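Per the working numbering, the very first residue in the sequence shown carries number 1; after that it's consecutive.
FYI, nobody ran anything at the bench for these hints, they're computed from the structure.
Bear in mind that the values here come from a model prediction, so they are computed numbers and not experimental data.
One or more hints might be untrue.
To be verified - Think about it this way: if two alpha-carbon atoms lie no more than 20 Å apart in a straight line, the pair counts; the simulated DMTMM-like pairs of lysine to aspartate or glutamate are:
id : residue 1 : residue 2
1  : LYS13     : GLU24
2  : LYS61     : GLU24
3  : LYS13     : GLU50
4  : LYS65     : GLU19
5  : LYS2      : ASP51
6  : LYS61     : GLU50
7  : LYS65     : GLU24
8  : LYS65     : GLU54
9  : LYS61     : ASP51
10 : LYS13     : ASP51
11 : LYS2      : GLU50
12 : LYS2      : GLU54
13 : LYS57     : GLU19
14 : LYS61     : GLU19
15 : LYS57     : GLU24
16 : LYS13     : GLU54
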Amino acid sequence: MKTLQNIQNQIVKLTTNIEINYPELYSVLDETPVSINYNTQPRISIKALEDYLESLKQILKQYIKTHHKK
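Could you put together the complete structure from these sequences and hints?
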């Protein structure tokens with residue numbers, strides 16, 4: 001089972017990859033990778049973060065598929 005910290009790290013890594021390598025996609029995401037302070041923010045479930053991570057992966061996968069550079 002993945003930990004909250006592990007999933008958060010994966011999200012930051014993926015969004016940073018998108019920001020650096022796919023800036024045109026990153027600007028459409030309308031978000032900035034941020035650190036979530038779990039002490040002051042409401043609890044976020046691991047499932048919600050896993051779903052969010054998976055959605056980012058799918059967005060990137062679809063973007064690469066439709067914008068493949070030859």
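Hint check results:
no., hint, in the structure
1, LYS13 to GLU24, "holds (17 Å)"
2, LYS61 to GLU24, "holds (14 Å)"
3, LYS13 to GLU50, "holds (14 Å)"
4, LYS65 to GLU19, "holds (18 Å)"
5, LYS2 to ASP51, "holds (13 Å)"
6, LYS61 to GLU50, "holds (16 Å)"
7, LYS65 to GLU24, "holds (15 Å)"
8, LYS65 to GLU54, "holds (16 Å)"
9, LYS61 to ASP51, "holds (15 Å)"
10, LYS13 to ASP51, "holds (16 Å)"
11, LYS2 to GLU50, "holds (9 Å)"
12, LYS2 to GLU54, "holds (13 Å)"
13, LYS57 to GLU19, "holds (13 Å)"
14, LYS61 to GLU19, "holds (15 Å)"
15, LYS57 to GLU24, "holds (16 Å)"
16, LYS13 to GLU54, "holds (13 Å)"
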